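Enquirer: Sequence:
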Amino acid sequence: MATKNLSEYDINSIPSAEKMKFGVVLAEWNYEVTGALAQGAVDTLKKHGAKDENISIKHVPGTFELTLGAQFFAEYTDVDAVIMLGCVIQGETRHFDFICQGVTQGTTQLNMNYNLPFIFGVLTTDNQQQALDRAGGKLGNKGDEAAVTAIKMVQLHQDMEVSG
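Mapped onto my numbering, the consecutive letters of the sequence shown carry residue numbers -4 to 159.
Rather than coming from a laboratory, the hints here were simulated on the basis of the structure. Just so we're clear, the structure is a prediction, and the values are computed from it rather than from any experiment. Please note that the accuracy of each hint is not assured.
[Unchecked claim] In silico BS3-like pairs for lysine-lysine, Cα to Cα no more than 25 angstroms straight-line:
| hint | residue 1 | residue 2 |
| --- | --- | --- |
| 1 | 16 | -1 |
| 2 | 53 | 16 |
| 3 | 53 | 147 |
| 4 | 53 | 14 |
| 5 | 41 | 16 |
| 6 | -1 | 53 |
| 7 | 14 | 46 |
[To be verified] Label-pair ranges, simulated between beta-carbon atoms:
| hint | residue 1 | residue 2 | range |
| --- | --- | --- | --- |
| 8 | -1 | 63 | 28 to 36 angstroms |
| 9 | 96 | 7 | 19 to 27 angstroms |
| 10 | 152 | 7 | 38 to 46 angstroms |
| 11 | 70 | 5 | 28 to 36 angstroms |
| 12 | 72 | 100 | 20 to 28 angstroms |
| 13 | 124 | 3 | 16 to 24 angstroms |
| 14 | 87 | 3 | 28 to 36 angstroms |
| 15 | 152 | 54 | 38 to 46 angstroms |
| 16 | 47 | 88 | 17 to 25 angstroms |
| 17 | 154 | 85 | 14 to 22 angstroms |
| 18 | 103 | 7 | 24 to 32 angstroms |
| 19 | 52 | 158 | 29 to 37 angstroms |
| 20 | 7 | 93 | 26 to 34 angstroms |
| 21 | 63 | 86 | 19 to 27 angstroms |
Here a beta-carbon is modelled for each residue, glycine too, at the ideal position from N, C-alpha and C.
Given the sequences, and given the hints that come with them, work out the whole structure.
Expert: Right under this line is the structure:
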(Lines of atoms letter the chains of each structure in order from A and count residues from 1; the text may use other names and numbers.)
(Lines give C-alpha, C1' and ligand atoms only; values in the text may rest on other atoms or scores of the structure.)
Protein backbone atom coordinates (compact mmCIF):
# COMPACT_ATOMS: atom_id res chain seq x y z
CA MET A 1 0.00 0.00 0.00
CA ALA A 2 1.21 3.49 -0.79
CA THR A 3 2.53 5.30 2.23
CA LYS A 4 1.75 8.81 0.98
CA ASN A 5 -0.87 10.73 -0.90
CA LEU A 6 0.17 10.81 -4.57
CA SER A 7 -1.24 14.33 -4.92
CA GLU A 8 0.76 15.89 -2.09
CA TYR A 9 3.91 17.78 -3.00
CA ASP A 10 5.70 21.02 -2.23
CA ILE A 11 4.04 23.40 -4.66
CA ASN A 12 6.96 25.83 -4.31
CA SER A 13 9.39 23.24 -5.65
CA ILE A 14 7.66 23.06 -9.04
CA PRO A 15 8.95 25.30 -11.84
CA SER A 16 6.61 27.12 -14.17
CA ALA A 17 5.29 25.01 -17.04
CA GLU A 18 4.15 28.09 -18.97
CA LYS A 19 6.51 27.52 -21.92
CA MET A 20 6.53 23.71 -21.81
CA LYS A 21 4.73 21.36 -24.19
CA PHE A 22 3.37 18.01 -23.07
CA GLY A 23 2.05 14.92 -24.75
CA VAL A 24 -0.25 12.64 -22.79
CA VAL A 25 -0.79 9.08 -23.99
CA LEU A 26 -3.87 7.60 -22.38
CA ALA A 27 -4.88 3.94 -22.31
CA GLU A 28 -8.58 3.41 -23.01
CA TRP A 29 -8.68 0.12 -21.09
CA ASN A 30 -9.88 0.70 -17.50
CA TYR A 31 -11.05 4.15 -18.60
CA GLU A 32 -12.82 4.89 -15.32
CA VAL A 33 -9.34 4.91 -13.80
CA THR A 34 -7.23 6.22 -16.70
CA GLY A 35 -9.65 9.05 -17.44
CA ALA A 36 -9.32 10.19 -13.82
CA LEU A 37 -5.52 9.95 -14.10
CA ALA A 38 -5.61 12.13 -17.21
CA GLN A 39 -7.82 14.71 -15.52
CA GLY A 40 -5.40 14.86 -12.61
CA ALA A 41 -2.40 15.25 -14.91
CA VAL A 42 -3.99 17.97 -17.05
CA ASP A 43 -5.26 19.89 -14.02
CA THR A 44 -1.80 19.78 -12.43
CA LEU A 45 -0.06 20.88 -15.64
CA LYS A 46 -2.45 23.83 -15.94
CA LYS A 47 -2.08 24.68 -12.24
CA HIS A 48 1.62 25.17 -12.92
CA GLY A 49 1.11 27.34 -15.99
CA ALA A 50 0.84 24.96 -18.95
CA LYS A 51 -1.46 26.30 -21.64
CA ASP A 52 -4.28 24.26 -23.17
CA GLU A 53 -2.68 24.45 -26.60
CA ASN A 54 0.53 22.99 -25.16
CA ILE A 55 -1.15 19.84 -23.83
CA SER A 56 -1.95 17.18 -26.41
CA ILE A 57 -3.80 14.00 -25.44
CA LYS A 58 -3.84 10.88 -27.61
CA HIS A 59 -5.58 7.60 -26.83
CA VAL A 60 -4.30 4.07 -27.30
CA PRO A 61 -6.31 0.86 -26.78
CA GLY A 62 -4.48 -0.40 -23.70
CA THR A 63 -1.50 0.01 -21.43
CA PHE A 64 0.73 -2.16 -23.59
CA GLU A 65 0.32 0.30 -26.47
CA LEU A 66 1.45 3.29 -24.39
CA THR A 67 5.07 2.93 -25.44
CA LEU A 68 4.37 3.09 -29.17
CA GLY A 69 1.96 5.99 -28.67
CA ALA A 70 4.68 7.77 -26.70
CA GLN A 71 7.22 7.07 -29.42
CA PHE A 72 4.84 8.64 -31.95
CA PHE A 73 4.81 11.81 -29.83
CA ALA A 74 8.61 11.85 -29.86
CA GLU A 75 8.83 11.34 -33.60
CA TYR A 76 5.94 13.45 -34.90
CA THR A 77 5.56 16.37 -32.47
CA ASP A 78 7.71 18.87 -30.63
CA VAL A 79 6.65 18.09 -27.05
CA ASP A 80 9.07 18.54 -24.17
CA ALA A 81 7.84 15.45 -22.28
CA VAL A 82 5.41 12.58 -22.70
CA ILE A 83 3.22 11.39 -19.85
CA MET A 84 2.06 7.79 -20.21
CA LEU A 85 -1.10 6.93 -18.26
CA GLY A 86 -2.50 3.45 -17.88
CA CYS A 87 -3.85 0.92 -15.42
CA VAL A 88 -3.26 -2.81 -15.21
CA ILE A 89 -5.26 -4.74 -12.62
CA GLN A 90 -4.15 -8.20 -11.52
CA GLY A 91 -6.32 -10.98 -12.88
CA GLU A 92 -6.28 -14.74 -12.76
CA THR A 93 -3.65 -15.19 -15.48
CA ARG A 94 -0.07 -14.05 -16.05
CA HIS A 95 -1.27 -11.44 -18.55
CA PHE A 96 -0.74 -8.82 -15.83
CA ASP A 97 2.95 -9.73 -15.56
CA PHE A 98 3.58 -9.57 -19.30
CA ILE A 99 1.83 -6.23 -19.77
CA CYS A 100 3.55 -4.63 -16.77
CA GLN A 101 6.96 -5.91 -17.77
CA GLY A 102 6.53 -4.85 -21.38
CA VAL A 103 5.39 -1.30 -20.68
CA THR A 104 8.03 -0.81 -17.99
CA GLN A 105 10.86 -1.97 -20.25
CA GLY A 106 9.40 -0.01 -23.16
CA THR A 107 9.33 3.18 -21.12
CA THR A 108 12.92 2.67 -20.01
CA GLN A 109 13.96 2.09 -23.62
CA LEU A 110 12.20 5.27 -24.78
CA ASN A 111 13.92 7.29 -22.06
CA MET A 112 17.28 5.94 -23.16
CA ASN A 113 16.75 6.28 -26.93
CA TYR A 114 15.28 9.78 -27.12
CA ASN A 115 16.49 13.02 -25.61
CA LEU A 116 13.07 13.47 -24.01
CA PRO A 117 11.47 12.57 -20.68
CA PHE A 118 8.87 9.78 -20.83
CA ILE A 119 6.93 9.63 -17.58
CA PHE A 120 5.61 6.29 -16.31
CA GLY A 121 2.14 7.00 -14.91
CA VAL A 122 0.88 3.44 -14.90
CA LEU A 123 -1.01 1.93 -11.99
CA THR A 124 -0.31 -1.75 -11.39
CA THR A 125 -2.78 -2.84 -8.73
CA ASP A 126 -4.25 -5.99 -7.25
CA ASN A 127 -7.84 -4.83 -7.67
CA GLN A 128 -10.16 -2.11 -8.94
CA GLN A 129 -10.48 -0.43 -5.53
CA GLN A 130 -6.71 0.02 -5.23
CA ALA A 131 -6.72 1.64 -8.69
CA LEU A 132 -9.57 3.98 -7.78
CA ASP A 133 -7.81 4.92 -4.54
CA ARG A 134 -4.83 6.07 -6.64
CA ALA A 135 -6.88 7.79 -9.37
CA GLY A 136 -8.32 10.60 -7.29
CA GLY A 137 -9.42 8.52 -4.30
CA LYS A 138 -8.09 8.36 -0.77
CA LEU A 139 -4.45 8.03 -1.90
CA GLY A 140 -4.54 10.96 -4.31
CA ASN A 141 -4.01 10.83 -8.04
CA LYS A 142 -1.06 9.25 -9.83
CA GLY A 143 -1.82 11.65 -12.71
CA ASP A 144 -0.86 14.57 -10.46
CA GLU A 145 2.39 12.85 -9.59
CA ALA A 146 3.14 12.11 -13.25
CA ALA A 147 2.53 15.74 -14.24
CA VAL A 148 4.80 17.06 -11.48
CA THR A 149 7.48 14.60 -12.56
CA ALA A 150 7.14 15.72 -16.19
CA ILE A 151 7.51 19.40 -15.29
CA LYS A 152 10.56 18.72 -13.13
CA MET A 153 12.21 16.54 -15.78
CA VAL A 154 11.63 19.12 -18.53
CA GLN A 155 13.18 21.76 -16.28
CA LEU A 156 16.16 19.49 -15.58
CA HIS A 157 16.58 18.86 -19.31
CA GLN A 158 16.46 22.59 -20.05
CA ASP A 159 18.90 23.38 -17.23
CA MET A 160 21.34 20.75 -18.48
CA GLU A 161 21.20 22.07 -22.05
CA VAL A 162 22.05 25.57 -20.84
CA SER A 163 24.72 24.74 -18.26
CA GLY A 164 26.09 21.51 -19.71
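Enquirer: It remains to establish, for every hint, whether it holds in the given structure.
Expert: Hint check results:
1. 16 with -1: Not OK: residue 16 and residue -1 at ~28 angstroms, beyond 25 angstroms, violated.
2. 53 with 16: Within the cut-off at roughly 14 angstroms; holds.
3. 53 with 147: Status holds; Cα separation ~22 angstroms.
4. 53 with 14: OK: residue 53 and residue 14 at ~20 angstroms, within 25 angstroms.
5. 41 with 16: 11 angstroms, holds
6. -1 with 53: Roughly 29 angstroms separates the two Cα atoms, so the pair is violated.
7. 14 with 46: 8 angstroms, holds
8. -1 with 63: 28 to 36 angstroms: 32 angstroms, holds
9. 96 with 7: 19 to 27 angstroms: Between residue 96 and residue 7, where Cβ atoms are some 37 angstroms apart, the hint is violated.
10. 152 with 7: 38 to 46 angstroms: For residue 152 and residue 7 the Cβ distance comes to about 21 angstroms; the hint is violated.
11. 70 with 5: 28 to 36 angstroms: Distance hint for residue 70, residue 5 holds at roughly 34 angstroms.
12. 72 with 100: 20 to 28 angstroms: Once the Cβ atoms are compared, 23 angstroms apart, the range 20 to 28 angstroms for residue 100 and residue 72 holds.
13. 124 with 3: 16 to 24 angstroms: Check passed, 20 angstroms falls within 16 to 24 angstroms.
14. 87 with 3: 28 to 36 angstroms: 34 angstroms, holds
15. 152 with 54: 38 to 46 angstroms: Check failed, 26 angstroms falls outside 38 to 46 angstroms.
16. 47 with 88: 17 to 25 angstroms: About 41 angstroms separates the Cβ atoms of residue 47 and residue 88, which means 17 to 25 angstroms is violated.
17. 154 with 85: 14 to 22 angstroms: 39 angstroms, violated
18. 103 with 7: 24 to 32 angstroms: 30 angstroms, holds
19. 52 with 158: 29 to 37 angstroms: For residue 52 and residue 158 the Cβ distance comes to about 32 angstroms; the hint holds.
20. 7 with 93: 26 to 34 angstroms: 41 angstroms, violated
21. 63 with 86: 19 to 27 angstroms: Holds, at about 23 angstroms.
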